[in-house]
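**Student:** Listed below, chain by chain, are the residues.
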Amino acid sequence: MKLPLSWLRDYVDVDLPPAEFAARVTDAIAEVEGWEVIGEHWDPELVRVAEVLAVDPHPNADRLVLATVNVGEGPRTVVCGAPNVAAGQKVAFATEGAMLVDGHTGKRSKLKLRAIRGVDSAGMVLSEKELGLSDDHEGILVLPGDCAIGASLVDAIGDVVFDVSTWANRADLLGILGFAREVAAVTGQPLREPDLGYAESGRPASDFVSVTIEAPDLCRRFTAGIVEGVEVGPSPPWMQQRLARAGMRPINNVVDVTNYVMLETGQPLHAFDYELVRGAEIRPRRARPGERLTTLDEVERDLDPEMLMICDGEGPVAVAGIMGGGNSEVSESTSTVLLEVANFHPGSIRRTSTQLRLRSEASLRFEKGIGPDLAPYAQARALHLLEQVAGGRPAAGLVDVFPTPLPSPRITLTAARIEQVLGIAIDPAEVRRILTALGFEVTGDDAAYEVTPPYWRPDVALPDDVVEELIRVHGYERLPTTVLRGALPAAQPRPLERVRERVRSLAAGLGFQEVISYTLTSDDILGRVVAADDQDRARPIAVANPVASQHTFLRTSLRGSLLTAYAGNRHHEDAAMRLFEVGVEYLPTEADLPHERPVVCAVLGGQRLERWERPGPERLDFFDAKGAVEAILDDLGVEGSFEPGEEYALLSGHTAAVSVGDEAVGVVAQVHPEVAAAFDIEEPVFLLELWFEPLTRAIPERPDYAPPSRYPEARRDLALLVPAATPASALLEVIRTHRARGVRISADVFDEYRGEGVPAGRKSLALALRFRAEDRTLGERDVVRLEQGLLRRLEQDLGATLRA
Amino acid sequence: MSTIEAEVDALRAEALEALAHADGEAEREAWRADWLGRRDGRLTLRLRALKDAPPEQRAALGQSLNQLKATLEGELEARREAARAGEIAALSADAALDVTLPGRPQSSGRLHPVTQTMHDCIDAFAEMGFRVFEGPEVEWARYNFDAVRIPEDHPARDMWDTIWIDTLFDGERQMLLRTHTSPNQIRVMEQTDPPVRVIVPGKCYRQEATDATHEWMLTQIEGLAVDEGVRMSDLKGTLYAFARRLFGEDRRIIFHHSYFPFVEPGVEMAIDCFLCRADGSDCRTCHGTGWIEILGAGMVHPEIIENAGYDSSKYTGFAFGVGIERVAMLRWGIEDIRHFYQNDLRFLRQF
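Heads up: the sequence lines are chains A and B, in that order.
Using the working numbering, the letters of the first sequence map in sequence onto residues 1 to 804.
Using the working numbering, the letters of the second sequence map in sequence onto residues 1 to 351.
Nothing false has been slipped in among the hints.
In silico negatives: residues of chain A with every beta carbon more than 12 Å from chain B:
(1) 208
(2) 212
(3) 401
(4) 659
(5) 682
Facing chain B, a subset of chain A residues (Cβ under 8 Å, in silico):
(6) 29
(7) 423
(8) 483
(9) 489
(10) 507
Simulated DEER-style distance windows between Cβ atoms:
(11) 120/B / 548/A: 29 to 39 Å
(12) 531/A / 174/B: 22 to 32 Å
(13) 285/B / 109/A: 32 to 42 Å
Just so you know, the hints here were simulated from the structure itself, not pulled from any lab data.
Note that the Cβ used here is the ideal one computed from N, Cα and C, for glycine as well.
Construct all of the structure, not just a fragment, from the sequences and the given hints.
**Tutor:** This is how it looks when you write it as structure tokens:
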């Protein structure tokens, strides 16, 4: 909202400089987003108010005139080209040296006077553009008539216009009077209310029009005033100037009064041409099927039966609380005005304006909730102004239909509650001062105040609402900083989150860079990594209003995001990349929120860096990915088993399903080259994924523990020939389960070899065996015997033979 | 000079002469074997032959030969010591490294700046006894809005532009991407009895155009403390500790009046600008006001306390919501929020 300081000062004195005023307002009332100083560059000596005494033709130019002006120092002649200059006007007048905006170039420069077409000019009568007020350079700026001749222009019309953002529940702050009341409470200044007086004449308003509210749930109150004998024309300069500074375009005096009073009080009003109201009756009612109305913006509106219409004897004349109809608009020929000031259901106004996609200054106020008693106040103020600026004669009384007035809520606020909520007590005198200044009625004693909020504050309903009024005006800076007391809540174990955060740190420690991707993706990206027949993942959840079409579907896999990130970075990274992301797969469920399945996914590939930090000949491969999985599982205290796997988008023969105990916990694989190519990745790229739910289940509460043995292990390396299709894991499994009384045998694979010296169809696996007894040091003969027993078992089970 | 002395002197001279020419450890070892070798070193043999010497000479000869042996062993050790010292000196001098050459590359990864900032925020609140709770990103409208006092047809809904799930339930859209973490105030209180002291981190979503300070996917931390005797001054103290932990021990904070439907009173918290320190300059971060808005907060609305089944006359609470990206941008001077989710390594590797 635009808040001109000059207007605010009608109701409350403000002496603070703009920055300080803005800070005080932001602390206690509403957020000041900025301000504009009007007249910042006007020199008080050189730019002043003048009166135009006479306008005569220029002897040498048809389009120019000679204006005789008085700046308080006798008549002076200036050459002027403005079409609107006229005797009797108050105008802005600059003499040599004033800083002005050049009307043609738009640049700020010092005024230098020179003869124009042979006539000397004593100064310059200024346009809005030359004053830096607007881009208007069509004519001169005409000042309000009460500006004193010779006064500095900056004193006469200089201003500061604040840009204020107010709250969704405070319609009253969208009125400058409401704002002034807050400022008065904060600064301790008195509030001056505007003049509501006017002279009634002629027949009572109820002789002109009858009002029947047919939808009392949507129209809570309707007042109608009548003004006869108006002369529609431009409103006076002071009113136009205020409207413009508050951001509204002046239209004519009648419409300007309704806008002026709305800006002043926060209560929207609407003026009808009385002659165009058919049947001399007003019926607020729901729209009927098929009804349509062309609103003032010349758009024909389809209405639906939940929308509240203001109707006359024949049909709709306005969309209630939002915009009037063209069929009853005030025009030059209007002489009697029917002034509507009503109160509508806020939700209904909002629903209708949303449906019609029509937001107006009126609807923005109504939807926030306005007290019904503001209507007669705004009526009186508008009738006063119509009498002043449109020459109208208000009819006696109002038509006021108010089916169910609500009693003002009475709130009991105890001093104890204030202290309970805030942690500090507020002095009773200060409590009463603040609330009274804000318009609240306060009775009761100092232990329990009985508070009645004013009618313009329907947002205040509970004791804590009143507490907020007190502390914001009292000042949040007076609130001390204390620490929470009391018992700490019981800890809820969150094992999954612990594992997840541990894995996140591990992945970074293992050289993977964490990325975070948008969780909304496209069906194209998902389709590249998810099989069409995947029950869980092939039907992702769509959003109705994506910010962009490539962000339409909630991802059911992180793989597409990571491959996209990999490909994107490949443009500027020439060495190996390792990326990971921790996130959830959004898996649809039947009629409930989706299952948000937590996973970590990583991709890696490219040339390993050599000594000199350049990409070397060696590429990351499957076993780098697997090594990362092993390192993670090892850190978590579990051992994974890896079995050949088959999965969509992963390369067959280069894919391992990862499990821990009975739980399938993830996958490690080379991404299928064609899938990689679909992401514009032209090199082997590898992927690993771990699923936190089964992984967390698979982790024992405590790791297995055995004390270190006191006896040394015996080590033997040997190479075995096995059928080429036998996986190393089969060999290790046999060794792990081999029973040799009291001796533990463990083994690692340290080489795989096929080729010369190894028969076709077989491969050589090199094993490092370790033998350890719990109760003695094993001798050479023990080891030979154990090894022979193991070899027999391996030959029996797997056809393994010792390589010669 | 006796013949014994002459013989020993000759042996000594010959041995030391040979040692003087034994450069390198292999030669020295050969020399040792030649002279002192246990089996057939010349001096060893000579000592062994002592028993054949005439008895009257045996003692003197033995003494001289043993002295010679000690001398040779000492000389050998001295020669070896000198050689080692020479080698080390050469290592330091001739083989000195150019230590300015790059180190051997290691693969290194980092956590995303949003994760790092999140961890720092969580740590700050965890120190004050707050525990982490998590809730769903896809949420029911009744939790995201209605339960936190933002009914349909209320203009407060404009404060959160919503991305809706395109699925109808009873003919209506009821599911959405949560616009804030505040629905978890309700979820936490539904599941637990007071005292409550939790923080809820997570992603949130807004249907809005992106620019340097607006992103449609964002990360928040919600905080909630409900108990007997929780005061607004405790909120101020808690946020004060948080601000100092993240932005420096000399930070100051202020509360501005604000409005969120789920708190009463409601405030925004600002910290004093640690970049310009309110020096009156045209600071890009605080716009010359000296204060930077960090988060929204307030006392939990009594209706929300009641709806959770708690007695609002007995229990009070506070809640706050912090935008993690905003905190991260301030900490590192990041100028554009859109960097965070582009996953450009040139950006991510800097944190």
